[in-house]
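Participant: Starting from the structure of chain A, add chain B where the hints point.
Just so you know, the sequences run in chain order A and B.
Quick note on numbering: this note's numbering labels position 124 of the first sequence as 124, and the sequence is numbered without any gaps.
Quick note on numbering: this note's numbering labels position 125 of the second sequence as 125, and the sequence is numbered without any gaps.
Wrong hints could be hidden among the right ones.
Once the Cα atoms are required to be at most 16 Å apart in a straight line, the calculated EDC-like pairs of lysine to aspartate or glutamate come out as [said to hold, decoys possible]:
no., chain 1, residue 1, chain 2, residue 2
1, A, Lys104, A, Asp79
2, B, Lys77, B, Glu27
3, B, Lys77, A, Asp79
4, A, Lys95, B, Glu109
In case anyone wonders, no lab produced these hints; they're calculated from the structure.
Note that the coordinates shown come from a computational prediction; the quantities given were computed from them, not determined experimentally.
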Amino acid sequence: MKPSTKPISMLIVDDSMVIRNRIARLVANPQLPAINICGLAGNGEIAVQMARENRPDLVTMDLTMPHMDGEACIESLADFLPDAQILVVSALSDKATALRAIRKGAHGFLHKPFTDTELLDSLLELIG
Amino acid sequence: MYTQLQPQDIEIFTEALTHYFLASTGEPAAIRSAYLLNTGGPVLWNDFNGLIEISGEYQGSVCFSAPRGLLSHVLLKMGESVFSDERHGDIVGEIANTLSGRARRHFGEGLGISPPQLLDYSLTTYEPTAHNTPYAIPLRWHGYEANLVVHLQPT
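This is chain A alone, in the form it adopts within the complex (with noise of 0.2 Å):
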């Protein structure tokens, strides 16, 4: 990601408000650079929609999810926002999920259950 004075523009998508709302907090650790959260998404569906209106730079994103899962979501969010970074924080733990999501355009991944520094360095990784 390359540095700008401007905030990031953070989109976060889980099925979880809990997980939704535990991000968002996290984010305004004074560790980060500032980020401002331009959407919270409940499904893939929801998200797709909220990124082509706010283009964020940066995204958070559950796998299982209702009506679209995660992977179609990153595919979608690959071919219309390519320089966005995807984090994934999933509980899907196995190997094969974890590649698949990172060959459809994903960056980084993160299982759940995280802590709030696991959260926080796997952002500052992203963000660079």
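Facilitator: Chain B in isolation, oriented as in the chain A frame:
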């Protein structure tokens, strides 16, 4: 005669429970020995029951059943300040989802996992899709008892 899960299959769910509470809350849960249930389908003991339907190379379900107090403490540990029924239903489903997802480390991607659904104690008409005997894994955390019911059979 239906195929039963092996002890190493059940162990993966015990490990997932241990890992979940430690990573999510910083406090370990006391996980007790798994035992076979004689009744079919998910067994509902508690206020909230989050169910994951399993498909693919296995069929059946994984159900996390917990009292409101336990879930309130988990929400608090995660920084939540709203303790509505909706948030409790959300977190019980998320726990079931996370435990099932971690089991793919052992079972592989052939363990198809649905989004969580909340089973209502009084209204549920859930029909089990596995026909062997389910396992219950009891746990104690913050003085509360909860159970994970694993009902899986290979297809």
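Participant: For the pair supplied as a hint, Lys77(B) and Asp79(A), is the alpha-carbon distance within the 16 Å limit?
Facilitator: 38 Å, violated
Participant: Straight-line Cα separation of Lys95(A) and Glu109(B) no greater than 16 Å?
Facilitator: 8 Å, holds
Participant: What's the verdict on Lys77(B) and Glu27(B), does the C-alpha distance respect the 16 Å limit or exceed it?
Facilitator: Measuring from Cα to Cα gives roughly 10 Å; hence the hint holds.
Participant: Check whether the Cα positions of Lys104(A) and Asp79(A) lie no farther apart than 16 Å.
Facilitator: 10 Å, holds
Figure legend: structure checked against the earlier numbered hints; the only hint not met is number 3.
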